[in-house]
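The chain contents come next:
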Amino acid sequence: MRPPCFIQAVKILLLLLIALGIAALPCSASIYVQCPEDTDGIDADGDGDPANDIVCMHISGGDGFAKMADGKDQYTFSFGLVPLGMPEENVVSETALKATLPAPRITLREGQELYLTMTNVGMVMRPDLFDPHSVHWHGFPNAAPIFDGLPEPSPTANMGASFTYYYKAEVPGTFFYHCHVEAAEHMQMGMIGNLWVYPRQDQQGTVGGFSKFAYNDGDGSTGYDVEYPLQLTAFDSEFHDQHIAVQPLPFADMYDDYPMINGRGYPDTINPNPITNNATAFGAAENFDAQTVNTLIEADAGDRILLRVSNVSTTHQYAITTTLGVPMKVVGRGAALLRGPTGLNTSMTVNVLNVGGGQHFDVILDTSGVSAGTYILYTTNLADLSNGSQERGGIMTEIVLN
Amino acid sequence: MSVMKYVFRPKSLWTAVAVIFLMWGTACGAIDGITGTTFNFTAKPGYIVTSDGDSILMWLYAAEGSSFGQYPGPTLIINQGDTITINLTNNLPSQAGNTSIVFPGHNATASGGVSGLLTREAPTNGSVSYQFTATEPGTYLYRSGSRPDLQVEMGLVGAIIVRPAMGDQYAYNHADTQFDREFLYLLTEMDPVIHGLVAQGKWGQIDTTDYFATNWFINGRNFPDLMADSFLPWMPTQPYNCQPRMHPGDKVLIRMIGAGVDQHPMHYHGNDFETIAIDGRMLSSGNGSGPDLAWHATTIKSAPGQTADMIWTWTGQGLGWDIYGHAPGDPMQPYEDAEDHGVPFPVVIPPRDVLTFGQFYSGSPFLGGGGDLPPGDPGLNANAGYFYMWHSHTEKELTSNDIWPGGLVTFMIVEHPDVPLP
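Sequences listed follow chains U and W, in order. Per numbering that gives the first Met the number 0, the first sequence starts with residue 0, numbered consecutively. Per numbering that gives the first Met the number 0, the second sequence starts with residue 0, numbered consecutively.
Chain W with its partners taken away, still in its complex shape (with noise of 0.2 angstroms):
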């Protein structure tokens, strides 16, 4: 005996989504985090969750009125010409030593706390201060500057993102950066060991130098927890998703950041993306002529402390079908492919008795279409989106600790254009 499911189409979206708003929740097309000019943190311990189902202490930056430190730390969001102050308090462990923040593609200067390596730094129960001015836009970083190897492997790292003067809906101040929706994708990399010899403060065993990685993270989070919703109870420490979702025709802007120690290259299914700009300077030829050395590929190393800045698209153009099924007379939705309406699927799809059906099928091959699915099939596409997997390449980072899925796995989920997005 099968099991029957809803057949979503089109017209029936709005029930899907009242589903989906349960699922996901609002967050969705524009990167979480905190604005000002002044921003108080605090480092301190932490634990956070890892979807092997291990629990990890960490040191992360708590922002200030905020009882649990977070991984990443708090993304700054600010706008270009504001002068910003970073105050920092070392709630550490004594034995984590001095702490300190740096600002990558910013001219920061330090003042209190004690003389450092590479900046001023804040000793145990402690402070000290920074200040820039965020003279350019785009994508940056800030991380840990003391005894690097160690502290942002236990968690001292977070983003920065200046708003260009044109507007929020730009990524730099020229009209070919404008973006509809922008996601976060701030990639990390954990070596348990580490982080186990530090809760058993076994300080003098911790040697960074055969340092080998076997978790990987994405806003802080592994697969399949980034697709949760962000600001969860449950992960107090670990706020941010990453559930890019979009409509045909959508510009989305992703901003990467390699904020780890390794290089991963991230592949984009569904389509190319645009690499507009590099660590926070768009690549351009030269005053006003906008991201014009801008480079398509699929997939980008992003490299340890390196930032990028990517416009990605979606149509379904040029498909040779057509993706909502349409019979010649029906009306087109938004950038439709207008020579491929009504064009029939091509291939019979066999009998579900020989497939394994993915929980991300809807049971149709079309945009907002939907089918029967088998007993036992979760039906985790409720509206019937287009799910493109955003990755690292090197396949080993699709695991946690040793677990098969999880690690540098998203997906892009492409609405229907019926369905509403935040």
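So that you can see chain U by itself, here it is in the shape it has in the complex (with noise of 0.2 angstroms):
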């Protein structure tokens, strides 16, 4: 696609920006990794080892573009992995347009500490922003506002400038997190990953004939074999247009209309690979892979799949189904398993799940008796079935049983 003739004066900007703009960021002063050695000698995540309970993980906030299922180009801000390790002074110019979309994944076992080093590393595309980025935990409870990412009752990271996250994981389960700060803008731009956390009954052997689990069930009923991220991510591209445009970002009038299941709409959900951008096209040096999860689901027949759900569109709740003819067996919701507070079992076996922005849910779709092949996971929003106007795309891939 050959971009429009503003698009180029932007691309000026940027190699400006670029000759003069982040090399005078005062980054290297500002850009550190906190992340202290595991020296207690607990075990505190339970896994017989007592020196790896402590994680740390540095990702950047910035802009970058992904390519949805129809070709269209869309301007993104997303977090993206910056190695551990990374030279400080490398770190804007290394990762600069380089966001994923979903965010990098952050799983973690119960017991463990997250020290989350968060690098705002600018929005390239973007020189006349100065938005600080920050880092919510959604679901995280009993948090503290000093780590909870918003940015009214917390100080936020300023382009150049790294700020870390702790998070101590107490409590298993689904959850995501994404930037709050000018959280309608930032989230639509797609700045959000999945956060998963183990729990400790994965370190205690076979529960009810599993070993992995997404809640301590206490009787394997959240067993699972294996297990995938089901985000729906959705954009309104107009918003996308407008903000790449430099222009007024039209926030009454957003409504997403590319659905997606982790950052891709089908048919790239049933495409393993990653999905390479074409970031070159707008000024970039090189062009990147930025959709990076694998959507399409596999499995034996037989398995029982645990799908972690979680809807963070800005605009739409999206209800999903399959076509396997089991149905969803939904165990979690907001990373608690279902239970009541005496210990009813309150799970749900359900045809249709209706995801909310801001739900989380743990889904097992349990195979015994499905015949080996192909079958469908879709939105019964089936106007959402799309990619802008291109039908047969959307929130819909493939679950191939073997």
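Hints are computed from structural coordinates only; laboratory data are not their basis. All values reported here derive from a predicted model rather than from experimental measurement. Wrong hints could be hidden among the right ones.
Interface residues of chain W toward chain U, partial, derived using beta-carbon atoms under 8 angstroms [as the list claims (entries may be wrong)]:
(1) Phe-38
(2) Asn-39
(3) Val-113
(4) Val-260
(5) Pro-264
(6) Thr-314
(7) Val-342
(8) Gly-357
Cβ atoms here follow ideal geometry from the backbone N, Cα and C, with glycine treated the same way.
Got two chains here, each in a separate frame; can you build the complex from them with the hints?
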């Protein structure tokens, strides 16, 4: 696609920025990763190793591009993965314009501590902006504002600076994280990723015939063989187009028209490979594999598949179903095992699961008795089986039982 | 040169308290409303203000003795078992047609007025009367039952709270529904185009089938107006605020009402909530078992017309560091995590010249702490409380008619135990 001429002007700005702006940021003084060693001798996660309970991770907060299944390029904000140990002076130059969609996945074991450093590498394509970024762990229990990522009651990192968030993973479950700065804008632009905490029961051998569990269920009822993310992301292409064109942002008219799973619309969802964006058309030095999450669900017939479902659309709710012929068993909601306060089992068996923005569920597909073959997972909001104006797209993927 | 602010420590919090009372007055911890068994309402036009700077024509319920209608209508706080009478007079413009009130969840009878589709109605300048017995405790709404697609949009909606026989500090007749503080979250939305057409008298152009909300309200106000005090003279038609505050360990009852036409996934920062009732019925497996089918979550979809009661609490336990910044020998605060007592803060906060400070950041990560704030920082957290956003996760709704921030945003403030709360 030939970019519009306005983009050429932005491209010139970009080149100017690379020449003058970013080089002038006080980055090396303000970018630093806080990562203590685990020397307490306590095996907090119960895996038998007392020295691996501290997890350090470094992510960038910035901009990038994603390619939709119909070929449309979308300007994005998101987080990107920064390798631990990267020299601080290289972080901005190496990770600028390399935001991924969704943001890098975070996985922890219950009991572990996470030191999550987020470095704001700036929005290269929007040199007029000076937005901070933050990390909000959505659903973190008993959170403290300093690490809750809300820009109102906490400090947030300016461009060229890092902020290290600390979390003690006391509660297992399916969470997600996102930037909470100007959330209607930054979330619409894509700053959202998966965050899962594996339960302590995973360290306790076989329970009910399984060795991996969504929660500490005590009976294996949340046991699974394979797990897949099912993060329902969605873009309003007009909002993204106005953003890259440096125009006033249409908040009131915001209406998602590119519904996706894990940052891809069908048929990209059945392509297990990374999707390379078209960033050079907008002035970037190179194209980048911004969408890396495999969304083709594969399992052996008879397996229990755990879907870690969340909806992070800023405008829409989505309902999902499958053609497997077996219902979806909802075992977790809001990163909590579905049990009542006195222990009653309140799990639900449904054929359609409606997921509102900000809701997260754990769904088990028990394929015992289902023949090998290819099945479909799709949204029952049938108009959202689309990529923009292209039909047969959107929130749909295949479940392949071998 | 930097501007130094006072550093508030717990021992100097009494000074801070004087400041906070100037800011927020005394309304806190209980839901504003009117009590009794007979209520005389008038439906009439009035104007509200929105946080994007607009003034919007509404149709509002006015309680007897009030010269202004209000959005939402007066919250009726009544007792289980009481027989309630509501007399409604229709002072709306004649083009609005008849008006009426329906009481979902209650078995109401109507008398007077003229017959209508859902119930008896008050014709223009006429009256109608409704009666019901509040047999079941819980959270309910009332709203117009006449041309409701237009009349509810125009503002004819309100909340009903039925206190259980067990007492005012219980949501339902079970000990497990006890709470320390309660807050109302009555959610509505608005398509300003409709209100503009009504104001211009373009009755024939009003079309609610292409309804598209661009403004959102909790208890009739947008963020940040809803943080201001209740009953402010400059917002006479929007008397209710939504400013929850609590101490660590308090049990907070959230009474949430989907009073408009859209569904809103409400997300509660800071901790999970426990949904104990839907539509005024406890989530219970049987007689006497209490809310044993309650469910935990971080986000709940508020469906149009639906009510939900949730219990929320916060202690800061399990964080892995001492939220008060204590030294190991310091005395404990109520509900403090003994394991975290005296555990140092785990990271270094970068220097402030590379950070952006929010208006509700005290300058310290500690509850009741405080520190230097940058020049120009409004410093709106003099008590150094912990602020948690309670908001719609359809993040678009965090705006007021194209203006960020606004709409469905509130902040729960967990205050230091030494800060007195009403």
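Exercise for the section: Could you tell me which of the hints above the structure violates, numbers in ascending order? Expected result: Hints 1, 2, 3, 4, 7 not satisfied by this model.
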